[in-house]
Amino acid sequence: MGGAIGGFGGGKTLQHSDMGTIGNILAGAAGGLGGGQLLGGLLGGGAAMAGGLDLGALAGNFIGGGVSGLVVQVVVGMMVQKLRD
Numbered sequence: 001m002g003g004a005i006g007g008f009g010g011g012k013t014l015q016h017s018d019m020g021t022i023g024n025i026l027a028g029a030a031g032g033l034g035g036g037q038l039l040g041g042l043l044g045g046g047a048a049m050a051g052g053l054d055l056g057a058l059a060g061n062f063i064g065g066g067v068s069g070l071v072v073q074v075v076v077g078m079m080v081q082k083l084r085d
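Residue 85 in the working numbering sits at position 85 of the sequence shown, and the numbers go up by one each step.
Treat each hint with caution, since some may be false.
Listed next, with one range per pair, are the computed distances between beta-carbon atoms [stated by the list, open to error]:
| hint | residue 1 | residue 2 | range |
| --- | --- | --- | --- |
| 1 | L58 | K82 | 34 to 42 Å |
| 2 | T13 | L55 | 22 to 30 Å |
| 3 | V80 | L38 | 18 to 26 Å |
| 4 | L55 | R84 | 39 to 47 Å |
| 5 | M78 | G56 | 28 to 36 Å |
| 6 | L38 | T13 | 19 to 27 Å |
| 7 | D85 | I22 | 17 to 25 Å |
| 8 | A59 | K12 | 22 to 30 Å |
| 9 | I63 | H16 | 22 to 30 Å |
| 10 | D85 | L42 | 31 to 39 Å |
For the record, the hints were derived by calculation from the structure and aren't laboratory data.
Since this is a predicted model, take the numbers as computed values, not measurements.
Backbone N, C-alpha and C fix where the C-beta goes; we use that ideal spot for every residue, glycine too.
Kindly generate the complete structure, drawing on both the sequences and the hints.
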């Protein structure tokens with residue numbers, strides 16, 4: 001979820017990397033999924049898996065997914081625009 005929001009925001013903020021609404025959301029979601037999993041593993045998101053509800057881990061995954069979704073969307077968007085030119 002955070003990655004899709006990050007990708008959407010990245011495409012609308014940086015017009016040179018905009019791939020359209022659907023493209024931005026898909027690229028952001030893909031980046032957010034990978035980034036959220038990676039950061040969750042590195043930061044110890046195992047507390048939520050152990051049966052407890054750890055709001056800190058959930059917020060960290062959401063923010064990490066959003067940032068990584070934004071980065072992936074911007075990079076992919078710039079590559080697509082470069083290939084179109």
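Comparing the hints with the structure gives:
no.: 1; hint: L58 - K82: 34 to 42 Å; result: 36 Å, holds
no.: 2; hint: T13 - L55: 22 to 30 Å; result: 28 Å, holds
no.: 3; hint: V80 - L38: 18 to 26 Å; result: 24 Å, holds
no.: 4; hint: L55 - R84: 39 to 47 Å; result: 42 Å, holds
no.: 5; hint: M78 - G56: 28 to 36 Å; result: 33 Å, holds
no.: 6; hint: L38 - T13: 19 to 27 Å; result: 23 Å, holds
no.: 7; hint: D85 - I22: 17 to 25 Å; result: 21 Å, holds
no.: 8; hint: A59 - K12: 22 to 30 Å; result: 23 Å, holds
no.: 9; hint: I63 - H16: 22 to 30 Å; result: 25 Å, holds
no.: 10; hint: D85 - L42: 31 to 39 Å; result: 37 Å, holds
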